[in-house]
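Novice: Single-letter residue listing:
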Amino acid sequence: MNIVVCVKQVPDTWAEKKLSPDDKTVDRVGVDGVMNELDEYAVEEALRIKEALSAQGGGGEVTVLTMGPDKSVETIRKALSMGADKAVHLVDPALHGSDALATSYALSKALGTIEHDLVILGVESTDARMSVLPAMLAERLGASQLTFARKVEVGTGTVKIERQTDSGYDVVEAPIPAVVSVVEKINEPRYPSFKGIMAAKKKPLTTLTLADAGIEADNVGFAGSGTEVTDFAARPPKQAGQIVKDEGDGGSKLADFLAQQKFI
Amino acid sequence: MAEVLVLVEHVDGAPKKVTYELLTLARSLGEPSAVFIGNGFDNAKDKLAEYGAAKIYVAGDGDLDGYLVAPKAEVLAQIVASASPAAVLIPSSPEGKEIAGRLAVKTDSGVITDAVGITDGFVAQQSIFGGAINVQAKVGKGTPIITVRPNSTPPEPAPGQPTEEQVSVSLSDAATKAKILDRVTEKKGGRPELTEAAIVVSGGRGLGAGENFSLIEKLADTLGAAVGASRAATDAGWYPHTNQVGQTGKTVSPQLYMAVGISGAIQHRAGMQTSKTIVAINKDPEAPIFELVDFGIVGDLFNVVPQLTEEIEKRKA
Ligand SMILES: Cc1cc2nc3c(=O)[nH]c(=O)nc-3n(C[C@H](O)[C@H](O)[C@H](O)COP(=O)(O)OP(=O)(O)OC[C@H]3O[C@@H](n4cnc5c(N)ncnc54)[C@H](O)[C@@H]3O)c2cc1C
Ligand SMILES: Nc1ncnc2c1ncn2[C@@H]1O[C@H](COP(=O)(O)O)[C@@H](O)[C@H]1O
Numbered sequence: 001m002n003i004v005v006c007v008k009q010v011p012d013t014w015a016e017k018k019l020s021p022d023d024k025t026v027d028r029v030g031v032d033g034v035m036n037e038l039d040e041y042a043v044e045e046a047l048r049i050k051e052a053l054s055a056q057g058g059g060g061e062v063t064v065l066t067m068g069p070d071k072s073v074e075t076i077r078k079a080l081s082m083g084a085d086k087a088v089h090l091v092d093p094a095l096h097g098s099d100a101l102a103t104s105y106a107l108s109k110a111l112g113t114i115e116h117d118l119v120i121l122g123v124e125s126t127d128a129r130m131s132v133l134p135a136m137l138a139e140r141l142g143a144s145q146l147t148f149a150r151k152v153e154v155g156t157g158t159v160k161i162e163r164q165t166d167s168g169y170d171v172v173e174a175p176i177p178a179v180v181s182v183v184e185k186i187n188e189p190r191y192p193s194f195k196g197i198m199a200a201k202k203k204p205l206t207t208l209t210l211a212d213a214g215i216e217a218d219n220v221g222f223a224g225s226g227t228e229v230t231d232f233a234a235r236p237p238k239q240a241g242q243i244v245k246d247e248g249d250g251g252s253k254l255a256d257f258l259a260q261q262k263f264i
Numbered sequence: 001m002a003e004v005l006v007l008v009e010h011v012d013g014a015p016k017k018v019t020y021e022l023l024t025l026a027r028s029l030g031e032p033s034a035v036f037i038g039n040g041f042d043n044a045k046d047k048l049a050e051y052g053a054a055k056i057y058v059a060g061d062g063d064l065d066g067y068l069v070a071p072k073a074e075v076l077a078q079i080v081a082s083a084s085p086a087a088v089l090i091p092s093s094p095e096g097k098e099i100a101g102r103l104a105v106k107t108d109s110g111v112i113t114d115a116v117g118i119t120d121g122f123v124a125q126q127s128i129f130g131g132a133i134n135v136q137a138k139v140g141k142g143t144p145i146i147t148v149r150p151n152s153t154p155p156e157p158a159p160g161q162p163t164e165e166q167v168s169v170s171l172s173d174a175a176t177k178a179k180i181l182d183r184v185t186e187k188k189g190g191r192p193e194l195t196e197a198a199i200v201v202s203g204g205r206g207l208g209a210g211e212n213f214s215l216i217e218k219l220a221d222t223l224g225a226a227v228g229a230s231r232a233a234t235d236a237g238w239y240p241h242t243n244q245v246g247q248t249g250k251t252v253s254p255q256l257y258m259a260v261g262i263s264g265a266i267q268h269r270a271g272m273q274t275s276k277t278i279v280a281i282n283k284d285p286e287a288p289i290f291e292l293v294d295f296g297i298v299g300d301l302f303n304v305v306p307q308l309t310e311e312i313e314k315r316k317a
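Chains as they are written, first to last, in my numbering: chain P, 1 to 264; chain W, 1 to 317.
What the hints contain is simulated information worked out from the structure, not anything from laboratory work. Keep in mind that this is a model prediction, so the values were computed, not measured. One thing to keep in mind: the hints can contain errors.
What the hints assert, rightly or not - With a straight-line cut-off of 25 Å between C-alpha atoms, the simulated DSS-like cross-links for lysine-lysine are:
(1) P/Lys-245 with W/Lys-17
(2) W/Lys-17 with P/Lys-262
(3) W/Lys-316 with W/Lys-218
From just these sequences and the hints, can you work out the full model?
Specialist: See the structure below:
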């Protein structure tokens, strides 16, 4: 079974995230980047599926796919050092400014160049926080959508998941090829070992431009995006609140506050 | 006036509050049409009329509920093609966002998620990076598809007599691939849903043990609130993951958020920072949660919470 994991490099959680004033996109160059945390779970799940299948004599490869500026190679390296077999990096200046519509198109085209039975993604990226890409990719590829998985079971020709819901979970089954997105309860991602880090340096990395993937420039970047940020501003700073030390009457002081704010 | 589609989010026909919020919002932008997909329309009909739907599209064919997400996007795409609405508004739930994404691909339209408001010309307001930046965004291609967060607009009734249109759907093979075999409920009922609640009381590692969540539940119940939890608490198995607030849990935006024994890590803040009023109880005066609060108590939650619960009960009596 061949598995592609889509990973995204995002600004470090602790970095101050910014939009660039000139074109109103996320500033990815001026900040430290990390692999989107949820995508680590996606990589881990792909590796576990491959390992389980190869223990039964099955074959297949795990390929990492990312779309992003040159710097995203750092994230590719991390996925390779965790154990992925090879990587594809879609990188072209014309992709800058792509929104969900354009990104899903570009990734679907790149996926067209890689043999795959499963595509695994994180449920959401920490910068965009849209959690739409997995569903959009399934739509574009005509593949089964198995999203918000907290458990994945690969059968013969089918995949079954437990889909996390508000009240519990749904058991959902669909034929391969399928697009799977995972929630963070699914596993515990491994740390790259020293051996893994060394091995990653020798693993194949293919770089794709728009032309390589057959992507039409009109459909990506600012031109191909369906949305536009027209304006933004830092949220006005919150007025410092009132902080009271409990002297045995903290509960009733808090009740006073709630009453004054008409919550009780 | 321009037609604005509102996807009804419902449980066995009973619409969720967010549906009324979206109908109210749609009324400020055009003429709202509700789109009801699935079983149980009889439970929804009167409520949709009460909240001002001018028209209701009903797609109630038996097996629409048996498949994941895709059929709903197909039904909406069909209505978008025939009605050419000015916009489509969808609740910003996990499923709502996925429906919006697929609909965007089908109609080659821009999609905006997690709007907290929409103004003239379908300009959406979003709050990004954990509430640090307010953004205005617009759809420039196709039909604006916008998902809107619960609690963004106070729902206001505007009773009317909507026309009804039955939508017959023939689902494509692609839409019926992912079959739902079983639905498992893990959560005990009774309390309001986290993302919809006007008040949320959340507990964290400071509670020390799962059984101490009863303190949080008692406090929540005196306020009619939903119960939330930090990741530390759900990871420890003290409370279900479905109640987790934060970056990898739910995003909530209630009138009042109470953080009890929660430090206020950046990932937790990402899920609650836009709450209107924030209150915290924490014994550590340096806890980062205090940077966000309107009112904070530095003290032991095991003393403060029972006293608070008792005080609220007294004042309500
Ligand atoms: C990829 C990723 C995603 C994450 N997603 C989320 C998420 O969605 N939601 C989330 O919440 N976290 C998330 N986290 C975890 C987050 O970083 C924090 O670890 C977590 O929020 C801490 O939970 P806590 O505040 O309950 O625990 P702690 O940080 O341990 O804080 C406990 C607090 O309780 C106080 N306390 C202890 N005893 C008492 C007492 N008796 N009375 C009063 N106060 C007391 C302490 O002073 C302390 O401030 C994520 C982390 C990662 C890496
Ligand atoms: N530029 C990208 N390259 C590769 N994968 C991506 C990219 N953007 C998003 N993804 C994947 O899509 C998931 C959901 O992203 P989003 O819909 O933006 O929240 C992420 O967790 C990634 O797995």
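Novice: Please list, smallest to largest, the hint numbers that this structure does not respect.
Specialist: Violated hint: only 1; rest satisfied.
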